[in-house]
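Asker: Protein chains in written order, with our numbering: chain A, 1 to 368; chain B, 369 to 753.
Please keep in mind that the hints were generated in silico from the structure rather than gathered at the bench.
Just so you know, not all the hints are guaranteed correct.
Stated by the list, open to error - The calculated lysine to aspartate or glutamate pairs, modelled on EDC-like cross-linking and capped at a C-alpha distance of 16 Å, are:
(1) A/K314 with B/E485
(2) A/K319 with A/E265
(3) A/K118 with A/E233
(4) A/K314 with A/D285
(5) A/K282 with B/E485
(6) A/K287 with B/E647
(7) A/K281 with B/E647
(8) B/K687 with A/D256
(9) A/K282 with B/D539
(10) A/K281 with A/E298
(11) B/K628 with B/E676
(12) B/K628 with A/E356
(13) A/K282 with B/E647
(14) B/K565 with B/E485
(15) A/K271 with B/E485
(16) A/K134 with A/E233
(17) A/K281 with B/D700
(18) A/K281 with B/E485
The structure displayed is predicted, hence computed values, not measured ones.
As a plain string of letters, each chain reads:
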Amino acid sequence: MNSDVLGLVNLQAEQDDLEALTFFRSGGSLPFMGRYRLIDFTLTNMSYSGIKTVGVFAGNKFRSLLDHLSRKEDFGFEGRNSRVFVLPPDWNDPSDISEGDLKHFHNHSDLFARFKGKHVLVAGSQFITNTNYKKAIAHHKAQNNDITFISERRPEYNIPSAPMLKLLTEGDEITGFTNDRENNHVYTDVYIIKKDVLLDIVRTCIDNYKPNLFHNGIREKLDEFRTGFYDIEATTYYFHSVQSYFKNSMSLLEKDRYRAFFHGENLVKTKISTNPPTLYKKDSDVKSSILANGVIVEGSIESSVISRNVTVKKGATVKNSVIFASCTIEPGAYVENVILDKGVTITEGRKLIGSEDKPYIVAKRSTI
Amino acid sequence: MTSKVVAMLLAGGKGTRLGELTKDLAKPAVPFGGKYRIIDFTMSNIANSEISTVGVVVQYSPLMLNKHIGIGKPWGLDRQHGGVSVLAPFSDREGGSWFSGTADAIVKNLNYVEQYEPDELLVLSGDHVYQMDYTKMLAFHRSQDADATISVIEVPMDEASRFGILNTNEDLSIYEFDEKPENPKNNLASMGIYIFKWDVIKPYLLEDEKDKSSDHDFGKDIIPKLLADEKRLFAYKFDGYWKDVGTVTSYWETNMDLLKEDFQTLLMSKEWATYPNEENRPPEYIGATAEITNSLISSGSFIEGRIEDSILFIGVETKTGSEVSSSIILPDAVIGENVILDRVIVTSGIEIPDHAVIRSQGDEPVVLSKDTLEDYLNEGGGQNE
Chain A
1 MNSDVLGLVN LQAEQDDLEA LTFFRSGGSL PFMGRYRLID FTLTNMSYSG IKTVGVFAGN
61 KFRSLLDHLS RKEDFGFEGR NSRVFVLPPD WNDPSDISEG DLKHFHNHSD LFARFKGKHV
121 LVAGSQFITN TNYKKAIAHH KAQNNDITFI SERRPEYNIP SAPMLKLLTE GDEITGFTND
181 RENNHVYTDV YIIKKDVLLD IVRTCIDNYK PNLFHNGIRE KLDEFRTGFY DIEATTYYFH
241 SVQSYFKNSM SLLEKDRYRA FFHGENLVKT KISTNPPTLY KKDSDVKSSI LANGVIVEGS
301 IESSVISRNV TVKKGATVKN SVIFASCTIE PGAYVENVIL DKGVTITEGR KLIGSEDKPY
361 IVAKRSTI
Chain B
369 MTSKVVAMLL AGGKGTRLGE LTKDLAKPAV PFGGKYRIID FTMSNIANSE ISTVGVVVQY
429 SPLMLNKHIG IGKPWGLDRQ HGGVSVLAPF SDREGGSWFS GTADAIVKNL NYVEQYEPDE
489 LLVLSGDHVY QMDYTKMLAF HRSQDADATI SVIEVPMDEA SRFGILNTNE DLSIYEFDEK
549 PENPKNNLAS MGIYIFKWDV IKPYLLEDEK DKSSDHDFGK DIIPKLLADE KRLFAYKFDG
609 YWKDVGTVTS YWETNMDLLK EDFQTLLMSK EWATYPNEEN RPPEYIGATA EITNSLISSG
669 SFIEGRIEDS ILFIGVETKT GSEVSSSIIL PDAVIGENVI LDRVIVTSGI EIPDHAVIRS
729 QGDEPVVLSK DTLEDYLNEG GGQNE
């Protein structure tokens, strides 16, 4: 049990660089692999870590998030003693001088005040993995660290670029963060911190008009804390551009990788909704793809991610693409290397081809 | 419909003719249509008709059924007033006994119904596949000021002798109930769906309970008595798909119907959705060697090989070189490499070894369960055919 650890998903601190995909939604509610949203992985990992109480700092564009998180039980937060608080901007304190994501920490300070436990696990949504943090939390407690940064050793050919930071270490201590491309000790944007230490940092930042809890309060003052790191060994994905989003989707279409990631130790949890099984009609031809329920296929699909309630009509072709929920590909249409946002219709005979490095994005609910 | 209706859903049947499928499972809980159980159709009709008080009467092997129904969340029945109650046989200060007929199942739960002081009692069955708006039947019942209304469906005349036939006057009032008549006068078959005025039916139920010679069955015992007393009985014509999933063959046929263009609304309708008790599984993975035609496939599956005219439930894996046709694969079954299945029902969690060849020879589809798999493997030539 880790009910003495508060989970905090800080979406407010995240960079918004997923172009059209996040024009109208927060990065956390970005759909991924047919039925999930990025925040699902963060929440699932917290729930499998034994965390019972979670706060979600939602800065803006949180409409889809509120709907998505409306039933905490769907994400494994079951029972009377578990809670998920989605906390949108709510600034009522006339004496408030806080800035940036400190505004959330200040105005939602009740979250911390009411929580009886001693530690907080802070995560974002632009890094996903399917694991739990039980060992990391145990390590954090055993080392009596103020802050433990969750990290991983990446193979040298596969080091995520900025804004993902890398750790500089001396023994067990963290001496700094770097954007060095050669450094493979990647910081996952997840850390475990003593609650008292966190609240001290919050106060100091606010008193000094600092806008960023992590950069101003932690990164610039590392030597004031007892720090450490914990390397996780799990498959991980980072989302810092449309390219990485597309690449991650395509990478998970490899059968063994998909099985290992989604059918491994933990089942990733998400909002439960009801759709009929996928219907493959007489002329359908589907290969190397994943399809969510409620999909009706008459055409061809290859190496693609097909979300709920998509219809691919007769003679239509979908190749190397990511199709969000409720899209319709009409007869004879052809799409390749595209990302179709929710509810897009590709009309009869239309041809749409992006490139592997630069997939073509079609905005929500448009007809082309 | 705001007036007080209590629905009693009879889900205690054993379904003997479903053989291996109901060996340790109540018939209404038998998996159906990829991610559903048979009872989901009736539960969804209740949900869509906005009937808010339902007693689900269970008896035979109810473990899975109890868990499935739970507090009725998938069907919006987790309510502060009414909602769903699972009603199992019980004992009280006067003793206890099993439910021994459709009417008996209601009488033994009289206290359950009475607490809501309903105007009408709606009696439903948990093993039919259909989509029906009960509010329309209720409106008809009220407009006729009927004491009892029985839902009927027109069946082909040459099949009428297999059903309970209702003989009606021109205004659809019923003058006779013919249980499996040799020479049917009519083709209106009872669907086993009844609406009764509660204050009318209650004394009949109590009277029937005392009658030691009675089978305590609505069709056989209660309806004839109501007719003898010249109560107002009406037939309500239902026009749509309706199947009683009674035998292995009809189970197979009804599943196959879901693949037909005409009947796809049974699962796909947005206006009258069918709600399963959904599991959280990843989207299915369709592999590089898959060839799928006219089939339903559900989440959590990994598909390779050729799948034709088949229904695959959640968590099924089919391996390369296999050919599955006209078959039903229940949850979490694994079909090995180069397996051939034709008109076969594979029960939950069964693993079919590589190279097995199993084709149904007779009229009835083959059911592969833990207990029958070995026999079929040997008989069918198994590995070497």
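Asker: Next step is simple, just say for each hint if it's right about the structure.
Answerer: Quick rundown of the hints versus the structure:
no.: 1; hint: A/K314 with B/E485; result: violated (55 Å)
no.: 2; hint: A/K319 with A/E265; result: violated (31 Å)
no.: 3; hint: A/K118 with A/E233; result: violated (26 Å)
no.: 4; hint: A/K314 with A/D285; result: holds (10 Å)
no.: 5; hint: A/K282 with B/E485; result: violated (52 Å)
no.: 6; hint: A/K287 with B/E647; result: violated (25 Å)
no.: 7; hint: A/K281 with B/E647; result: violated (24 Å)
no.: 8; hint: B/K687 with A/D256; result: holds (13 Å)
no.: 9; hint: A/K282 with B/D539; result: violated (45 Å)
no.: 10; hint: A/K281 with A/E298; result: holds (5 Å)
no.: 11; hint: B/K628 with B/E676; result: holds (13 Å)
no.: 12; hint: B/K628 with A/E356; result: violated (38 Å)
no.: 13; hint: A/K282 with B/E647; result: violated (28 Å)
no.: 14; hint: B/K565 with B/E485; result: holds (11 Å)
no.: 15; hint: A/K271 with B/E485; result: violated (38 Å)
no.: 16; hint: A/K134 with A/E233; result: holds (13 Å)
no.: 17; hint: A/K281 with B/D700; result: violated (23 Å)
no.: 18; hint: A/K281 with B/E485; result: violated (49 Å)
Checked against the numbered hints above, the structure breaks hints 1, 2, 3, 5, 6, 7, 9, 12, 13, 15, 17, 18 and satisfies the rest.
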